Amino acid sequence: MAAPTNVYTTTDIAAMLANPHCPPQLRANWDRLTTTAAYHAAAVRRRDIPALRVGDDAEDVDYWRAQNDSALGHLSSALARHEAIIPALIAGADPYAFAATR
Numbered sequence: 000m001a002a003p004t005n006v007y008t009t010t011d012i013a014a015m016l017a018n019p020h021c022p023p024q025l026r027a028n029w030d031r032l033t034t035t036a037a038y039h040a041a042a043v044r045r046r047d048i049p050a051l052r053v054g055d056d057a058e059d060v061d062y063w064r065a066q067n068d069s070a071l072g073h074l075s076s077a078l079a080r081h082e083a084i085i086p087a088l089i090a091g092a093d094p095y096a097f098a099a100t101r
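When we follow numbering that gives the first Met the number 0, the leftmost residue of the sequence shown carries the number 0, and every step to the right adds one.
The set of hints was computed from the structure by calculation and includes no laboratory data. Some clues are possibly wrong.
[To be verified] For each label pair, taking beta carbons as the anchor points, the in silico distance ranges come out as:
1) His20 x Pro49: 43 to 51 Å
2) Val43 x Ala13: 22 to 30 Å
3) Thr8 x Ala41: 40 to 48 Å
Quick caveat: nothing in here was measured; it's all calculated off a predicted structure. Ideal Cβ positions, reconstructed from N, Cα and C, are used throughout, including at glycine.
Go ahead and model the full structure; you've got the sequences and the hints to work with.
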């Protein structure tokens with residue numbers, strides 16, 4: 000993968016998402032990753048705290064771990080796909096401005 004997620008800091012990701020020209024796919028994949036991470040963390044807490052246990056929490060943890068891994072893969076793919084415009088997004092610039100003037 001040309002642009003894996005470990006290349007960017009959370010500050011970089013925040014700057015990309017704050018840019019109004021950020022592709023919707025990047026936003027959607029980031030939202031999916033943060034959502035699945037939150038559900039996975041909640042499942043781990045339920046599994047590890049006896050008072051919170053309900054049903055098969057180990058299966059729930061495995062499910063959300065798999066969903067989180069999938070979301071990370073989708074985000075990595077989206078970052079690789081948009082690699083050329085990411086520096087402009089991080090800088091807060093319009094990555095399409097040059098193309099629009101031609």
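Here is what the structure says about each hint:
no. : hint                      : verdict
1   : His20 x Pro49: 43 to 51 Å : 49 Å, holds
2   : Val43 x Ala13: 22 to 30 Å : 25 Å, holds
3   : Thr8 x Ala41: 40 to 48 Å  : 25 Å, violated
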